[in-house]
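**Q** Okay, here's what each chain looks like letter by letter:
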Amino acid sequence: MSKGRVNLKGIYKRFGNFVALKHIDLDIKPVEFFALLGPSGSGKTTTLRMLAGLEPPDEGVFAVDGEDVTYAPPGKRDIAMVFQNYALYPHMTVRDNIAFPLKMDKVPAAEIEPAVVRAAERVHIEHLLHRRPGQLSGGQQQRCALARAIVRQPKLFLLDEPLSNLDAQLRLQTRVELKKLQRSLNVTSIYVTHDQEEAMTLADRMAVFLDGEILQVGTPDEVFNRPRTIAVASFIGSPPMNLLPAKLDGRRLVVDGHVTELPFAPDHPGGDVTMGIRPSHVRIDPDGLPTRLYLSENLGESVLLNLYLGEYLVKVRVASFASAGDDETVPISFEPDAIHLFDTTSGLRIRTAQD
Amino acid sequence: MSLHRRAATRRKVVLMAVAAALLLVWVFPLIWAVIVSFKSESDVLAYPPTVFFEPIGRNYEDALFGDFSILDSLATSAIVSVSTTVLTIVLAVPAAYAFARLKLPAKKSIGFYTLATQMVPPVGLVIPYFLILNKVSMLDTYTGMIIVYLTFSLPFAIWLMVSYMEDIPFEMEEAAFLDKATRWQTLWHIIIPQVRGGIAVTVIFVFLNAWNEFLFAVQLGGNTVRPVTVAMYNFVSVEQTLWAKLSAAALIAMLPVVIIGIAAQKQIVKGLTIGAVKGGGRR
Ligand SMILES: Nc1ncnc2c1ncn2[C@@H]1O[C@H](COP(=O)(O)OP(=O)(O)OP(=O)(O)O)[C@@H](O)[C@H]1O
Ligand SMILES: [Mg+2]
Numbered sequence: 003m004s005k006g007r008v009n010l011k012g013i014y015k016r017f018g019n020f021v022a023l024k025h026i027d028l029d030i031k032p033v034e035f036f037a038l039l040g041p042s043g044s045g046k047t048t049t050l051r052m053l054a055g056l057e058p059p060d061e062g063v064f065a066v067d068g069e070d071v072t073y074a075p076p077g078k079r080d081i082a083m084v085f086q087n088y089a090l091y092p093h094m095t096v097r098d099n100i101a102f103p104l105k106m107d108k109v110p111a112a113e114i115e116p117a118v119v120r121a122a123e124r125v126h127i128e129h130l131l132h133r134r135p136g137q138l139s140g141g142q143q144q145r146c147a148l149a150r151a152i153v154r155q156p157k158l159f160l161l162d163e164p165l166s167n168l169d170a171q172l173r174l175q176t177r178v179e180l181k182k183l184q185r186s187l188n189v190t191s192i193y194v195t196h197d198q199e200e201a202m203t204l205a206d207r208m209a210v211f212l213d214g215e216i217l218q219v220g221t222p223d224e225v226f227n228r229p230r231t232i233a234v235a236s237f238i239g240s241p242p243m244n245l246l247p248a249k250l251d252g253r254r255l256v257v258d259g260h261v262t263e264l265p266f267a268p269d270h271p272g273g274d275v276t277m278g279i280r281p282s283h284v285r286i287d288p289d290g291l292p293t294r295l296y297l298s299e300n301l302g303e304s305v306l307l308n309l310y311l312g313e314y315l316v317k318v319r320v321a322s323f324a325s326a327g328d329d330e331t332v333p334i335s336f337e338p339d340a341i342h343l344f345d346t347t348s349g350l351r352i353r354t355a356q357d
Numbered sequence: 171m172s173l174h175r176r177a178a179t180r181r182k183v184v185l186m187a188v189a190a191a192l193l194l195v196w197v198f199p200l201i202w203a204v205i206v207s208f209k210s211e212s213d214v215l216a217y218p219p220t221v222f223f224e225p226i227g228r229n230y231e232d233a234l235f236g237d238f239s240i241l242d243s244l245a246t247s248a249i250v251s252v253s254t255t256v257l258t259i260v261l262a263v264p265a266a267y268a269f270a271r272l273k274l275p276a277k278k279s280i281g282f283y284t285l286a287t288q289m290v291p292p293v294g295l296v297i298p299y300f301l302i303l304n305k306v307s308m309l310d311t312y313t314g315m316i317i318v319y320l321t322f323s324l325p326f327a328i329w330l331m332v333s334y335m336e337d338i339p340f341e342m343e344e345a346a347f348l349d350k351a352t353r354w355q356t357l358w359h360i361i362i363p364q365v366r367g368g369i370a371v372t373v374i375f376v377f378l379n380a381w382n383e384f385l386f387a388v389q390l391g392g393n394t395v396r397p398v399t400v401a402m403y404n405f406v407s408v409e410q411t412l413w414a415k416l417s418a419a420a421l422i423a424m425l426p427v428v429i430i431g432i433a434a435q436k437q438i439v440k441g442l443t444i445g446a447v448k449g450g451g452r453r
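If you're matching them up, the sequences are chains W and X in order.
213 is the number that the working numbering gives to position 211 of the first sequence; each next residue is one higher, with no gaps.
232 is the number that the working numbering gives to position 62 of the second sequence; each next residue is one higher, with no gaps.
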């Protein structure tokens with residue numbers, strides 16, 4: 003019995019004249035850990051609130067397990083949500099907070115306490131049950147909110163940037179636990195984040211949002227290695243890949259006069275294209291394109307060079323770099339099989355070696 | 171450093187002195203009333219005032235059980251005040267919730283009306299209310315009196331409570347909805363417990379206002395509904411004023427006010443400041 007299949011079809015949401023969501027289509031599989039990734043204001047929270055029934059869409063259909071719940075009230079959807087600010091009930095103890103969904107669901111009193119303890123144990127706050135939210139640290143509050151969400155078996159589990167209020171170290175630790183928890187729960191989970199590392203590590207699949215539209219849906223691997231458009235390519239990766247204008251002629255790719263022989267035949271008639279290459283796939287090469295060093299940033303494990311190729315900034319990641327001073331000339335070349343190609347006009351990806 | 175401390179001490183002393191002087195001005199009549207209430211009627215009018223006298227309890231006995239016993243009117247006051255308070259809260263809590271949360275089309279104009287009711291001088295309303303109650307045969311009835319009190323207390327209570335409810339984040343409620351709570355359950359389990367302080371303040375103010383009310387009680391009441399504020403005037407007649415008994419009655423009538431005042435000092439101060447900011451709280 004699989005449950006928790008989510009379908010969104012043609013969803014639009016407007017706030018006055020502002021279109022917050024434009025034609026959102028999504029298919030989320032049962033038990034999947036699905037991330038909504040996008041910059042601030044791209045409509046991730048709006049999507050989540052729509053799924054929760056807190057903000058009905060203007061157009062489109064939302065179905066869970068084939069049942070249309072587009073306009074069903076939140077309480078009828080069997081959905082649990084962890085809010086970004088946790089939204090714990092401040093006047094109740096942790097125990098009562100966790101028990102609240104069960105009480106509202108008319109679970110027999112005798113079953114509530116064991117269920118509460120079980121949920122608390124899963125997130126390691128069983129020793130804090132008597133406290134109030136105000137007496138908890140941020141991380142403990144976050145766990146309490148998690149426990150309240152997992153205490154019943156919802157069809158769908160929504161999380162809105164649940165880690166964003168935690169400090170960096172706790173965030174890493176909780177990320178791991180969250181992944182483990184989701185696996186053991188076997189509930190479809192939709193996870194909103196603007197942190198791509200979080201999305202990459204946690205999600206089975208993800209949707210990349212920008213300005214209320216979905217740019218790409220895929221596994222983290224697909225999104226990272228085969229960005230569907232220039233927009234996705236310029237967003238994913240830290241720093242994202244370099245995008246440079248180039249000319250394509252058969253297998254020959256010409257960037258600023260420098261020719262790279264592609265190891266594959268691109269599916270494109272040729273002409274003006276956009277070349278994408280990740281910073282770690284650019285090499286310092288005495289026979290390469292001369293660039294001007296603008297700044298080198300030492301990141302500890304590697305060095306990030308900011309180079310200017312004409313007017314274009316090119317970021318290059320190298321293991322180490324001995325600088326002869328700023329404005330030094332650094333020659334670069336591109337690893338041919340790591341090159342991404344995009345049609346400059348449509349912004350769409352051109353099939354390359356990795357595809 | 172020590173200069174600092176000395177300045178601080180001086181400040182404190184001055185503050186205390188001013189406070190004491192102000193307090194004396196306010197408390198003096200009360201002290202006078204207490205003294206008078208233990209004198210015999212003849213001693214009250216003696217001139218120069220008798221400083222040493224045999225305190226007597228007769229005035230209290232008379233006020234409570236004498237010809238003009240205020241016992242019944244105390245009961246009346248209690249019935250009117252408690253009913254007004256209970257009804258106000260029962261109606262104002264959901265109303266304030268609606269104001270704070272729902273997208274009501276007439277929200278702005280209703281808000282203005284609410285404020286306006288607090289601005290109209292009560293004297294201007296006595297005659298219209300009299301005529302209305304007369305028309306519907308509700309003069310001198312509990313129902314009539316309580317309805318009139320509600321017209322003042324409800325807007326005030328809603329006004330006061332909205333500010334408390336608006337402080338509760340939306341997400342709190344949305345979380346409750348997702349937890350399968352209904353609107354009413356959300357109001358009951360999530361909202362009300364968090365505005366308990368606000369409700370306490372409202373209860374106190376509404377009750378005290380109703381208990382202390384005189385103008386409407388004297389015009390719209392009568393033999394059936396005669397709150398203690400009105401009944402006290404039985405001790406004042408054309409021939410004579412029974413000052414000692416009047417004082418005793420007044421002090422008895424003040425008792426609930428004083429008790430509430432002491433018990434709920436903190437809430438009252440809070441309510442006063444909110445009332446001052448929002449322009450409500452008077453009548
Ligand atoms: N109630 C509302 N009224 C008007 N505009 C809104 C409302 N809610 C959201 N918006 C707008 O819709 C857009 C998307 O908002 P949303 O909260 O979904 O962004 P987000 O992707 O979650 O961003 P963040 O990462 O900052 O949380 C924003 O431009 C926002 O200003
Ligand atoms: Mg958001």
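The reader is advised that the hints may include incorrect statements.
[As the list claims (entries may be wrong)] Here chain X is said to cover these stretches of chain W; the calculated rule only asks that three of the stretch's residues, wherever they fall, bring their Cβ under 8 Å from a Cβ of chain X:
#1 79–86
#2 100–110
[Unchecked claim] Computed, partial: chain W to chain X, Cβ under 10 Å:
#3 91
#4 92
#5 151
#6 154
#7 156
#8 168
The set of hints was computed from the structure by calculation and includes no laboratory data.
Since this is a predicted model, take the numbers as computed values, not measurements.
C-beta atoms are modelled at their ideal positions from N, C-alpha and C, and glycine is treated no differently.
**Q** Give a verdict on every hint.
**A** Checked hints:
no. : hint    : in the structure
1   : 79–86   : holds (count 5)
2   : 100–110 : holds (count 4)
3   : 91      : 6 Å, holds
4   : 92      : 7 Å, holds
5   : 151     : 9 Å, holds
6   : 154     : 9 Å, holds
7   : 156     : 9 Å, holds
8   : 168     : 18 Å, violated
The structure shown violates just one earlier hint, number 8.
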